[in-house]
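Can you build the whole structure from these sequences, using the hints too?
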Amino acid sequence: MDIITILFYLVTSVIILSSMSLVILNNTVHAALLLVLIFFNSAILWLMLKAEFLAIVLVLVYVGAVLVLFLFVIMLLDIPIKKNISQKLYLLFSVTISIIMFAELYMVIFYHDFVASVPTSANSALEFNNTYEIGLSLFTNYIFSFEITAFILLVAIIAAIAINMTGRQRSLRQDPGKQILENKKSRLKIIKDEDL
Amino acid sequence: MITMSHYLVFSALLFCISVAGIFINRKNILLLLMSIELMLLAVNTNFIVFSHYSNDITGQVFVFFILAVAAAESAIGLAIIVSLFRIRNSLEINLINNLKG
Amino acid sequence: MESILLLIPILLLASSIIIGLSSDSLNKFYSGVISTSLVFSSLILSIIVLIKIYSSNDEIYYDNFYDWISINGLNIGIGYLIDKFSSIMLVVVLFISFVVHVYSIGYMKHEEDFKRFFSYIALFTFSMILLVMSNNLIQLFIGWEGVGLVSYLLIGFFYKKSSAIKANLKAFLINRIGDMFFILGIVMIYSLFDSFDYRTMFLNLDSVNLSNLETYFGLNYIDFACLLLFIGAMAKSAQIPLHVWLPDSMEGPTPISALIHAATMVTAGIFMVGRLAPFYELTEFTTDFILIIGASTALFMGLIAIFENDIKKVIAYSTISQLGYMVSALGINAYTVSFFHLFTHAFFKALLFLCAGSVIMSLHHNQDIRKMGGLKSKLPVTYACFLIGTLCIIGFPLTSGFFSKDLILEVMLYEETTISFIAYIMLLIGALVTTIYSLRLMFIVFYGKYRGGDVEEISEQSNIILIPLILLAVLSLTSGYIIKVFVDLPIFMYGIKDIHYDGMVTYIEHGILSPATLTLVLGFFIAKKLYKDNKEFLFLENNFLVEIKKVIKTKYKFDELFLYSSDVLKKTSIFVTHKLDIGIIENVFVNGVPKKINSFSKILKKTSSGYLYHYAFSIVFSLVVIFGIILVRVL
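Chains as they are written, first to last, in this note's numbering: chain A, 8 to 203; chain B, 0 to 100; chain C, -13 to 621.
Derived by calculation from the structure, the hints in this document are not laboratory data.
Every value quoted in this text rests on a predicted model; they were computed, and no experiment measured them.
Backbone N, C-alpha and C fix where the C-beta goes; we use that ideal spot for every residue, glycine too.
Errors might be hidden in some of the hints.
[What the hints assert, rightly or not] Derived lysine-lysine pairs resembling DSSO-like cross-links, with alpha carbons at most 30 Å apart:
1) K95(C) / K299(C)
2) K364(C) / K514(C)
3) K95(A) / K592(C)
4) K185(A) / K592(C)
5) K588(C) / K191(A)
6) K588(C) / K435(C)
7) K299(C) / K152(C)
8) K99(B) / K192(A)
9) K99(B) / K95(A)
[As the list claims (entries may be wrong)] Derived list of chain B stretches under chain C, where covered just means 3 residues or more per stretch with a C-beta under 8 Å from a C-beta of chain C:
10) 34 to 43
11) 87 to 95
Printed below as a string of structure tokens:
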């Protein structure tokens, strides 16, 4: 058993275990931190697959930006920690369906004989530059998609701002969301004499 | 020796766990978003595995795009969650059933 | 010529529109004068047309004013076909209309809706002129319907009276029955010739092989088509059993009764049969049918008139009876004879109605003859005119009715078939009946003592009412002397019935010696005895005759027959509505399908709970299932 194999099993077991606990846990802060752990381990896995650029991007962009954003939101919203009220029946169903799904995927993987395939030499050559290759491909063949991705990010920024824009609080503007959620209780409050 | 199928089985397992996570989770919409991130991670891993073993850089280019789109998606998703929380004062999924027919 | 012919209807339409739409500031009298003068100009123009027709030799004016509808070989125009037949009709219609206009200025002067009335009668005349001038069946039908519509409006002129509203609805509905058959007949004729045009139809008549056509209900094609057309005429010309609307139409103002009965509406049926004479020449069955209907109408409707007490209704039944004479003449293909009677009848019937109107006005709208009597000295002019009208209708020698009625009887006698002989007997008895009810009316109204209470107020009406009476009286007396015109009258380029006519003197001599004179004398004595001297005949107390009298007094229960049949229809339609319409169509199809969809969608609705994880679950579940199916197939 060489070091690569040990590393592989170590990394994957960490990822699987932490993702399982992420799914089961109720605490969102813990979940976010577990996600950080998973992404770091995935980055290691990707490095093992000689995808250095993407591994770095995963750490920098995902862990550094997206997951921090998650943490910010969690902190901002101050969500009370509540127990997952998932019923036993649901748990059973979801676990069963996941197991069936996994079984099916497993069958596909072993039906096609992926075991024999080994990376070719070109990829593992010393002069091979992963970042250079991706950049070359990205700015030649996929330049149009790349531009569109830039637009998608721009749209995401605008959308994120637009969704959370609440005009000035002092204005008497109508708020449809509030109006819809009005109910009998919020409109009329009956105060009994003894409460006064 | 770690073969391609090891990686594939791993990512399939990760994917199934995150699918189960979507069903199990009925408490918090944030966790749901995290499960989706996990699913994307599994898919990305698959892309990289195939890219590595078939010696083709295109898979990694796709991962790049997926990461970009996923970042955008989670940004908007979080924005929606924030405004949802502002209206409902809660993130419980079983309270959100406005689509009920 | 064309501009003159175009002007005749246009003037009438203009009169109707101008008077109908004029403001309140226009004085009643002046609006009446405007309307009357327009009708008078039309009359003058029609007389010019008549003179032109008669000064030229058998010329026929035929053209289209314009093409109205032109689709793929189907051409319907608005045009005219003026021959001797229709030009005489034009003059008669316009003359009666003119007289009625003049009379109405006096008669209607106290009515609030004076202008509406004038607008309607102008429109009425216009529709009739359209019908008479028509050169195709569609224009004829438009005029036909127009006449029906305006008669509806005029019978219900006093729309605040519920009886008037019921009467006009009745007239309208009965006419609808006829119109339905009429339009079916038109369609049958059309499918034979591919044209609505008279001239095209009649000129192609020889080329159509009539024996090869299909038959309906055992009748050959042309018989059936003519029968359908005649049923239309039966409703318009008030023949048994579709006559029931005519007595009720007395709810309208009296001038209207005169107009309907003398010139415009009821004569339309006779005119139509005369116009389509070439078809009726070809049919044996239908003419026999016409003869039976006409003769029985003439006799049985006359009998009802003997027991009526409403002055207008008596005259109405007499109209139906006289129309029966005309129709009987049509039944033996003697169109010109029928038309001659129509011509003379127009004058004396208008005269009788206008006299009755004068009497009614003098008695402050009392129509019950039991409350009249002794009016001879109070209303001398009206009495004289009424006497002339009565003499005409009973066919007193040398009056117009004498010529025309005798001609019908003579022609009937010389037809020499069994059925025409029976009809002849019926018409002869009808003549007796006519004498009795006409003289009865006159004796009761004008002789004896006044039975209506206060005597002082009764006085003759103004000149504007009396002048039309005198005019009509003169024409009633003299119009019979142009018998030669009618004997020689060609009916649309078609062979006319050969009528043996040896000049006026011979004819009069022959007429006086005919059995009709006997019925006249007999009738006179019976009527005098019964109604003037108020004596009873002993034999009338006979049980059998009393029973007959009872039957006649029920008016043969035609109204009840219609009520019963409508009741049956109503019950059927209620059954259809409840069982078929509501039961099957509505509950099963119209409401049933949405209900089923609704209940099904209620089941489906449960699947969309609105919860995110349910949707996600269903997506993943189906994904797994589809994936599994593919796997099973591949592996």
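For K364(C) and K514(C), compute the direct alpha-carbon distance and say whether it is at most 30 Å. With Cα atoms ~21 Å apart, K364(C) and K514(C) stay inside 30 Å; holds.
Could you grab the alpha-carbon distance between K588(C) and K191(A) and see if it respects the 30 Å cut-off? Satisfied, since the Cα-Cα distance of roughly 28 Å is no more than 30 Å.
For the pair supplied as a hint, K95(A) and K592(C), confirm whether the alpha-carbon distance does not exceed 30 Å. Roughly 22 Å separates the two Cα atoms, so the pair holds.
K99(B) paired with K95(A) [C-alpha distance capped at 30 Å]: holds, 24 Å
Between K185(A) and K592(C), does the CA-CA distance stay at or below 30 Å? Distance of about 28 Å is within 30 Å: holds.
Can you confirm whether the C-alpha distance between K95(C) and K299(C) stays at or below 30 Å? Status holds; Cα separation ~24 Å.
Tell me whether the statement that chain C covers the stretch 34 to 43 of chain B is true, taking a Cβ distance below 8 Å and needing three residues at minimum. The restraint on the stretch 34 to 43 of chain B is violated, since only 0 of its residues have a Cβ under 8 Å from chain C and three are required.
Mind checking the alpha carbons of K99(B) and K192(A) for me, to see if they're no more than 30 Å apart? holds, 23 Å
For a C-alpha distance cap of 30 Å, please report whether K588(C) and K435(C) respect it. Violated - the C-alpha atoms of K435(C) and K588(C) are around 87 Å apart, more than 30 Å.
So is the stretch 87 to 95 of chain B in contact with chain C by the C-beta rule, three or more residues under 8 Å, or is the coverage claim wrong? Since 3 is at least three, the answer is holds.
Straight-line Cα separation of K299(C) and K152(C) no greater than 30 Å? holds, 16 Å
In this structure, the earlier hints numbered 6 and 10 are contradicted, and the remaining ones agree with it.
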